[in-house]
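**Student:** Given next are the chains, with one letter for each unit.
There are 2 protein chains.
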Amino acid sequence: MQIAITGGGGFLASMLVRHLLDNGVAGKPVTRIITIDLVPCPVVDARVESIVADVGDRDVLARAISAQTKAIVHLAAVVSGQAEADFDLGMRVNIDATRVLLEHIRALGTRPRFVFTSSVAAFGGKLPDRVQDDTRALPQSSYGVQKVIGELLVSDYTRKGYVDGITLRVPTISVRPGAPNKAASSFASGIIREPLAGVEAVCPVSAEMRMWLQSPDRAIHNLAHALALDGSLLGNDRTVNLPGLSVSVGTMIDALRIAAGDAVTRLIRFEPDPAIERIVASWPNDFDAVRAKALGFVADEDYVSIVRAHMARIGNASPLTQNPPA
Amino acid sequence: MQIAITGGGGFLASMLVRHLLDNGVAGKPVTRIITIDLVPCPVVDARVESIVADVGDRDVLARAISAQTKAIVHLAAVVSGQAEADFDLGMRVNIDATRVLLEHIRALGTRPRFVFTSSVAAFGGKLPDRVQDDTRALPQSSYGVQKVIGELLVSDYTRKGYVDGITLRVPTISVRPGAPNKAASSFASGIIREPLAGVEAVCPVSAEMRMWLQSPDRAIHNLAHALALDGSLLGNDRTVNLPGLSVSVGTMIDALRIAAGDAVTRLIRFEPDPAIERIVASWPNDFDAVRAKALGFVADEDYVSIVRAHMARIGNASPLTQNPPA
Numbered sequence: 004m005q006i007a008i009t010g011g012g013g014f015l016a017s018m019l020v021r022h023l024l025d026n027g028v029a030g031k032p033v034t035r036i037i038t039i040d041l042v043p044c045p046v047v048d049a050r051v052e053s054i055v056a057d058v059g060d061r062d063v064l065a066r067a068i069s070a071q072t073k074a075i076v077h078l079a080a081v082v083s084g085q086a087e088a089d090f091d092l093g094m095r096v097n098i099d100a101t102r103v104l105l106e107h108i109r110a111l112g113t114r115p116r117f118v119f120t121s122s123v124a125a126f127g128g129k130l131p132d133r134v135q136d137d138t139r140a141l142p143q144s145s146y147g148v149q150k151v152i153g154e155l156l157v158s159d160y161t162r163k164g165y166v167d168g169i170t171l172r173v174p175t176i177s178v179r180p181g182a183p184n185k186a187a188s189s190f191a192s193g194i195i196r197e198p199l200a201g202v203e204a205v206c207p208v209s210a211e212m213r214m215w216l217q218s219p220d221r222a223i224h225n226l227a228h229a230l231a232l233d234g235s236l237l238g239n240d241r242t243v244n245l246p247g248l249s250v251s252v253g254t255m256i257d258a259l260r261i262a263a264g265d266a267v268t269r270l271i272r273f274e275p276d277p278a279i280e281r282i283v284a285s286w287p288n289d290f291d292a293v294r295a296k297a298l299g300f301v302a303d304e305d306y307v308s309i310v311r312a313h314m315a316r317i318g319n320a321s322p323l324t325q326n327p328p329a
Numbered sequence: 004m005q006i007a008i009t010g011g012g013g014f015l016a017s018m019l020v021r022h023l024l025d026n027g028v029a030g031k032p033v034t035r036i037i038t039i040d041l042v043p044c045p046v047v048d049a050r051v052e053s054i055v056a057d058v059g060d061r062d063v064l065a066r067a068i069s070a071q072t073k074a075i076v077h078l079a080a081v082v083s084g085q086a087e088a089d090f091d092l093g094m095r096v097n098i099d100a101t102r103v104l105l106e107h108i109r110a111l112g113t114r115p116r117f118v119f120t121s122s123v124a125a126f127g128g129k130l131p132d133r134v135q136d137d138t139r140a141l142p143q144s145s146y147g148v149q150k151v152i153g154e155l156l157v158s159d160y161t162r163k164g165y166v167d168g169i170t171l172r173v174p175t176i177s178v179r180p181g182a183p184n185k186a187a188s189s190f191a192s193g194i195i196r197e198p199l200a201g202v203e204a205v206c207p208v209s210a211e212m213r214m215w216l217q218s219p220d221r222a223i224h225n226l227a228h229a230l231a232l233d234g235s236l237l238g239n240d241r242t243v244n245l246p247g248l249s250v251s252v253g254t255m256i257d258a259l260r261i262a263a264g265d266a267v268t269r270l271i272r273f274e275p276d277p278a279i280e281r282i283v284a285s286w287p288n289d290f291d292a293v294r295a296k297a298l299g300f301v302a303d304e305d306y307v308s309i310v311r312a313h314m315a316r317i318g319n320a321s322p323l324t325q326n327p328p329a
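Read top to bottom, the protein sequences are chains A and B.
So the first sequence is numbered by this note's numbering: it starts at 4 and just counts up by one.
So the second sequence is numbered by this note's numbering: it starts at 4 and just counts up by one.
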């Protein structure tokens with residue numbers, strides 16, 4: 004089975020590549036993975052080809068995705084903080100490149116599985132205490148708008164028979180390994196990751212801020228599950244709100260204290276950033292995710308386990324810790 | 004006050020042009036209207052300039068919309084049946100041209116009022132008996148998807164301060180003067196308009212099919228209201244479900260019988276078209292429209308009045324009846 008992954012140089016994609024090589028998809032071995040990203044995929048394996056290029060480049064796509072490609076995972080994106088700061092870049096990557104990619108696949112005529120990742124940023128405005136599967140998307144950031152547009156395109160390309168698409172609205176990933184990024188949610192990993200590395204972390208939101216979180220391990224599990232899922236189970240609604248954990252920043256820090264001790268948490272400094280607070284506060288922080296659970300998607304047990312899994316990961320030699328993203 | 008209208012050659016735009024010339028906007032006279040469409044605006048008036056061109060043409064937009072343009076009404080669109088039959092054309096006009104237009108206006112830096120029209124086709128899937136203001140958009144046609152993408156763009160361009168936007172989700176217009184078009188809902192005017200003109204009309208859906216309707220007069224009233232509305236009343240939600248009438252095809256025909264007699268209704272022949280039935284049945288047919296009513300948007304009284312208003316219109320000499328669209 005041949006798979007293409009955009010944004011393949013990112014931490015999540017690298018973990019996904021490793022997972023797919025080790026476990027296959029629905030019992031079928033993965034014989035070849037082609038990644039397309041501005042940075043190379045750090046996983047070294049004969050089955051992996053890493054193309055360093057822009058995902059919106061038609062010639063690159065022609066090389067990377069053919070009739071032999073059984074599935075595409077489209078992770079490449081300009082993240083929330085950057086899409087807000089550079090509107091044109093966000094539109095170009097998050098909308099235009101997604102369209103070029105979908106058009107390339109449509110032209111193949113093979114209707115492969117297409118897994119797209121969206122975000123809690125799809126939601127905003129007045130929200131119920133717990134987001135329901137039929138809660139209206141009302142994004143309050145350019146990133147959120149661009150992601151919802153991607154969801155709509157994936158749905159319509161699926162309805163038209165051009166791809167077999169599924170969009171996962173992924174909770175904020177915590178604890179994301181590697182360096183801080185330009186996502187407004189970057190701190191949700193930084194306040195755990197940096198103190199554990201002996202580095203001071205700045206928390207730009209209050210301890211009361213509640214977020215909807217998922218560990219990298221569960222996110223990978225859910226992406227792999229989306230690759231294997233029977234598309235007909237999704238009917239005419241191809242967008243799935245993933246399960247997650249609703250955790251306040253205060254509880255995250257308590258969990259860090261439980262897992263790693265008091266001294267570590269003293270490396271966290273609160274320094275409010277109104278721009279980040281505004282974006283993060285506009286996101287929902289709790290979901291019922293009934294449909295996703297029925298479809299077999301999963302959440303983490305608790306946040307202490309997430310911190311401990313991160314500590315176990317950084318304790319091990321891995322391609323990620325050997326080659327942290329620049 | 005200077006206004007630009009895309010799709011200005013259509014029947015709705017022509018009525019809007021006439022209305023704005025006669026009534027102004029919020030007490031201010033309209034001194035100039037520039038229309039951009041593939042067909043000329045049939046309204047003959049020294050204040051109207053009709054540019055016959057593609058709305059996605061940057062050079063045309065540079066000529067038509069300047070810092071003096073206080074408002075833009077973006078009506079140009081590929082309609083539902085045609086967008087379903089020609090996916091690429093729908094994407095090009097309904098998404099790409101909308102983006103070119105928004106980008107042109109953004110570059111002016113004047114943040115004019117931007118009125119965009121969306122549709123009941125924004126909705127689909129499992130719907131409540133009456134659509135609420137927070138009902139999720141789940142379009143089941145390419146037209147619906149493209150319109151919701153337009154809504155999202157208008158919202159984000161507004162949030163970013165590039166335009167002062169408002170999207171009206173307009174009910175199906177009935178009775179639309181002129182010739183049949185490629186909208187899946189074309190019959191909702193045809194079954195009234197054609198029999199009144201002594202011509203047989205084919206109804207492709209059953210008499211039980213219920214629709215969400217608005218007369219051309221009320222639609223024009225609501226478009227003009229959107230031009231005058233204080234944008235701050237809309238907050239962070241720039242998309243408004245318009246009020247309308249929930250009427251079955253059977254009730255529409257009864258109203259025609261009441262207004263015009265039995266002989267006229269005998270010109271209607273039922274001939275089911277599964278493709279049209281599928282699209283129309285996916286649309287909601289009743290709304291609460293609480294927010295729109297509070298904002299001052301209005302519905303018709305009843306369908307008999309709509310038929311009678313159409314009969315009065317075709318009885319009068321008007322630019323529309325003198326120059327029916329080709």
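Among the hints, erroneous ones may be present.
Since the list can't tell identical chains apart, any single copy or any two copies may satisfy a pair.
[Claimed, not checked] Pairs of lysine to aspartate or glutamate, EDC-like flavour, derived with a Cα cap of 16 Å:
| id | residue 1 | residue 2 |
| --- | --- | --- |
| 1 | K73 | D233 |
| 2 | K163 | D220 |
| 3 | K185 | D99 |
| 4 | K73 | D240 |
| 5 | K185 | D276 |
| 6 | K129 | D289 |
| 7 | K73 | E203 |
| 8 | K185 | E211 |
| 9 | K129 | D240 |
| 10 | K31 | D291 |
| 11 | K163 | D89 |
| 12 | K73 | E280 |
None of these hints come from the bench; they were simulated from the model.
**Student:** Of the numbered hints stated previously, which ones are contradicted by the structure, given in increasing order?
**Tutor:** 2, 3, 4, 7, 8, 10 and 12
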